[in-house]
Amino acid sequence: MTTIKTPRARRPRKTGRRHPLASVALIAIGLLFTGGAYVAFSSSTAVATTDASSQQTIAQGEKLFAANCATCHGLSAQGSSEGPSLIGVGAASVDFQVGTGRMPMQMQGPQAQKKPVQFTAEQTAALAAYVASLAPGPGIPAAELLDAAGDAATGAELFRINCAMCHNVAGAGGALTEGKFAPAIENVSAQHIYEAMITGPQNMPVFNDMNISPEDKRDIITYLKYVEDNPSPGGLALGSLGPVAEGLFIWIFGLGAIVALTVWITAKSN
Amino acid sequence: MTTIITRESAEDQGVGVKKAGGFTASAANYIDERTSISGAVKELGRKIFPDHWSFLLGEVALYSFVIILLSGSFLTFFFQASMAEVVYNGSYAPLKGIPMSAAMSSTMDISFDVRGGLLMRQVHHWAALLFVAAIGLHMLRIYFTGAFRKPRELNWVIGFILFILAMAEGFTGYSLPDDLLSGNGLRIIDGLIKGIPVVGTWVSFLLFGGEFPGTDIVGRLYSLHILLLPAIIVALIAMHLLFVVVHKHTQYPAAGHTNQNVVGYPVLPVYAAKAGGFFFIVFGVVMLIASLFTINPIWNYGPYDPSPVSAGTQPDWYIGFADGAMRLIPTGWEFVWLNHTYSLNILVVLIVVGLFIVTVMVYPFIEAWITGDKREHHVLDRPRNAPTRTAIGAAGVTFYASLWAAASSDIMATHFHLTMEGVIHTLQATTLLGPFLAFFIAKRVCLALQKKDREIVLHGYESGRIVRLPGGEFVEVHQPVDEYERWKLVSYSDFKPLMLRPNAQGKIGPAEKVRAGLSRWFFEDRITPVTQAELNQAHGDHPAEITDK
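Sequences listed follow chains A and R, in order. Just so we're aligned: 14 in the UniProt record's numbering is position 14 of the first sequence, and the numbers increase by one with no gaps anywhere. Just so we're aligned: 520 in the UniProt record's numbering is position 520 of the second sequence, and the numbers increase by one with no gaps anywhere.
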């Protein structure tokens with residue numbers, strides 16, 4: 001049997017080498033950095049982008065951008081009458097819009113719609129890196145926030161309070177004004193859900209980290225994944241659309257079956 | 001072959017005839033000697049019921065109600081009609097540790113921790129939807145066949161009150177679980193009540209025991225839902241059925257069907273067996289639906305909290321028309337007068353929906369007054385033979401359907417990729433103009449069908465067989481209609497517009513003028529049934545081979 005060295009065993013030596021004020025200094029430095037980072041990106045998370053932001057990736061992203069996005073967003077992403085400026089929207093925004101196929105946009109309409117994804121994951125990452133390099137903005141969320149292992153009950157409550165008025169309590173989607181709509185959140189990846197919350201795509205408001213903390217966002221994702229992974233305990237959910245689907249069902253299939261049976265019962269024998 | 005049994009011949013069927021010997025006979029005799037029940041069996045057992053699928057719709061409603069009573073009793077064993085706050089600690093993970101009312105918590109327990117509880121909840125709710133839907137279809141059948149005419153006007157009113165009570169039952173039940181959806185529904189009711197001038201706020205506070213939502217409403221609705229409303233419904237169903245027995249059942253026009261007889265099967269043995277078996281079929285269909293399809297997933301909605309409202313929040317289908325009516329009202333209909341806000345957006349809905357309901361309820365009396373028809377009617381009208389009534393019905397259905405559809409305006413917008421505003425404006429137009437269009441189309445279709453019937457009676461069906469006569473003339477042979485069919489086509493009552501006649505004082509009152517005007521509107525366009533003279537003349541016009549068989 002091998003002996004497992006626990007960190008506790010090493011701790012006395014470590015503390016012995018440190019200056020008594022080391023922990024105080026460490027806390028001071030930590031606070032300075034947190035505060036500095038907070039001031040720098042006051043309203044959004046600045047989760048560090050991975051090595052994707054190397055100069056080479058950014059250059060590749062710039063080329064892709066010029067070829068596919070610049071028509072509407074401008075050659076230096078400054079925006080035009082056809083599309084908004086992308087300076088400061090961050091990598092999360094690009095990853096959401098391009099990663100769900102919403103961008104490049106198929107056609108101008110009330111809002112960009114989901115469609116088959118046009119770029120590979122690598123290309124999407126390059127585009128994200130390019131846009132993120134223009135100005136600081138919300139980054140791609142860290143994996144530990146996307147594991148859907150938070151508290152589903154808290155997430156459900158937060159979802160009902162913050163999201164359900166547009167997306168429906170079961171995430172089945174809902175109508176907005178002028179042909180806009182809140183899409184269904186079934187089969188949307190945790191990363192895209194998170195990114196939608198921090199970037200507010202289309203008509204969605206931004207839920208920044210002061211509004212809903214990253215842990216709460218993780219709980220919301222946990223709830224949505226719970227609904228997705230667990231079929232309705234009552235049987236087929238009829239689209240989770242509520243009483244309209246139920247009423248339509250009872251009139252067409254319920255009463256339809258009953259009327260067919262009344263015809264059968266009263267049919268004259270041949 | 002159909003056996004046609006009239007009431008007279010049913011006496012020969014051996015119903016209630018005692019047989020000597022056998023356990024059944026002696027048991028029957030034992031009971032009869034102590035209860036004299038044979039009189040009732042003799043009377044009811046020989047009651048004749050005509051056979052037609054549409055005559056079973058009322059039965060469907062009745063059976064759904066029985067299913068609701070059975071499943072509802074089960075639910076009362078576990079439901080707690082209390083708004084006391086508890087912390088949910090049942091099996092459903094996404095609500096664990098969430099504070100909610102005891103009502104919601106016990107409904108969650110019924111759904112997840114009581115054996116068979118979720119099935120019973122779903123049976124109860126699906127059966128409730130079916131109950132009201134069956135009532136609706138039954139009412140449409142009654143209306144379009146004119147079965148509400150004398151002597152059945154009062155039974156129409158009773159049936160209509162049952163429809164209203166069924167909606168009330170549905171709404172009180174919808175509100176009991178105290179989930180988000182039911183709370184949103186109650187909030188709308190609260191808003192409706194508060195929109196009534198002067199008394200609104202007082203009534204709302206009285207109902208909710210203070211400011212909405214308070215802690216009383218679930219208990220109060222529960223009393224109504226399981227005690228008062230079902231008791232009234234059971235009493236009215238009893239009256240409704242008693243009237244059916246007293247009036248005897250109506251029948252469709254067909255050879256040998258008159259206002260003096262009823263053609264069909266006696267209750268015993270055929271009809272009782274059919275109807276009894278049909279109960280189990282309806283029960284089976286409801287069970288099947290309830291075990292396969294989710295209804296009202298309260299676990300998604302979560303406990304009621306006045307702040308969130310979910311997208312796709314709608315009432316159950318039968319309240320949809322009222323919800324839709326409110327969605328159709330344009331914005332900005334509130335105004336302030338003498339420091340009080342008047343919410344026309346709510347008042348107009350209450351008035352229009354209220355008038356619509358009352359008009360449907362008293363329609364038999366309106367029509368009787370216009371036609372001046374005091375005869376008893378036991379043979380139904382084919383809808384085409386009462387064009388104006390059918391057209392009014394079509395207009396009413398269009399109006400109701402537009403309001404009803406408006407309740408799902410958001411679902412239509414998302415699922416058919418339309419704008420919400422477009423859907424609402426279209427439905428506003430169909431609500432206002434649709435009834436007129438439907439009236440016109442339905443009336444013209446009825447008249448056209450009547451003309452077709454006349455044509456068939458007079459000249460038979462086109463056979464497609466062209467015959468050259470000896471003189472060289474070509475004619476198409478018409479297949480004459482058989483006598484049974486002809487009976488159906490010609491036996492309907494014809495009305496003429498009322499003549500304005502002065503009363504005893506020699507005056508013509510304004511009411512009479514209105515009545516005459518309405519009568520003219522009702523009957524000015526009409527196709528009279530074919531008379532014997534016309535028939536003879538028509539047949540005289542044609543070559544002999546057409547009438548000869």
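Please keep in mind that the hints were generated in silico from the structure rather than gathered at the bench. Small disclaimer: the values here were computed from a predicted structure and weren't measured. Don't take every hint at face value.
When the alpha-carbon atoms are kept at most 25 Å apart in a straight line, the in silico PhoX-like pairs for lysine-lysine are as follows [to be verified]:
#, chain 1, residue 1, chain 2, residue 2
1, R, K451, A, K268
2, R, K194, R, K47
3, R, K488, R, K248
4, R, K443, R, K496
5, R, K496, R, K451
6, R, K496, R, K513
7, R, K507, R, K452
8, R, K451, R, K248
9, R, K452, R, K496
10, R, K274, A, K268
11, R, K96, A, K268
12, A, K268, R, K47
Compare the distance between the alpha carbons of R:K443 and R:K496 with 25 Å, and conclude whether the hinted pair is satisfied.
-> With Cα atoms ~16 Å apart, R:K443 and R:K496 stay inside 25 Å; holds.
Does the structure keep R:K194 and R:K47 at a Cα separation of 25 Å or less?
-> violated (51 Å)
Going straight from one Cα to the other, do R:K496 and R:K513 come out at no more than 25 Å?
-> At roughly 16 Å apart (the allowed maximum being 25 Å), R:K513 and R:K496 satisfy the hint.
Regarding the pair R:K496 and R:K451, is the alpha-carbon distance no greater than 25 Å?
-> holds (17 Å)
Does the alpha-carbon distance linking R:K96 and A:K268 stay inside the 25 Å limit?
-> violated (57 Å)
Restraint status (C-alpha distance of R:K452 to R:K496 at most 25 Å) | holds (21 Å)
Would you check the hint for R:K451 and R:K248, treating anything up to 25 Å between C-alpha atoms as holding?
-> violated (32 Å)
Is R:K507 close enough to R:K452, meaning Cα to Cα at most 25 Å?
-> Violated. R:K507 to R:K452 sits at ~42 Å, over the 25 Å cutoff.
Agreement of R:K274 and A:K268 with the hint, judged by alpha carbon distance not exceeding 25 Å = holds (13 Å)
Are A:K268 and R:K47 close enough, with their CA atoms no more than 25 Å apart?
-> Holds, at about 20 Å.
Has the given pair, R:K488 with R:K248, been kept, meaning a C-alpha gap of at most 25 Å?
-> holds (21 Å)
Does the alpha-carbon distance linking R:K451 and A:K268 stay inside the 25 Å limit?
-> violated (29 Å)
Checked against the numbered hints above, the structure breaks hints 1, 2, 7, 8 and 11 and satisfies the rest.
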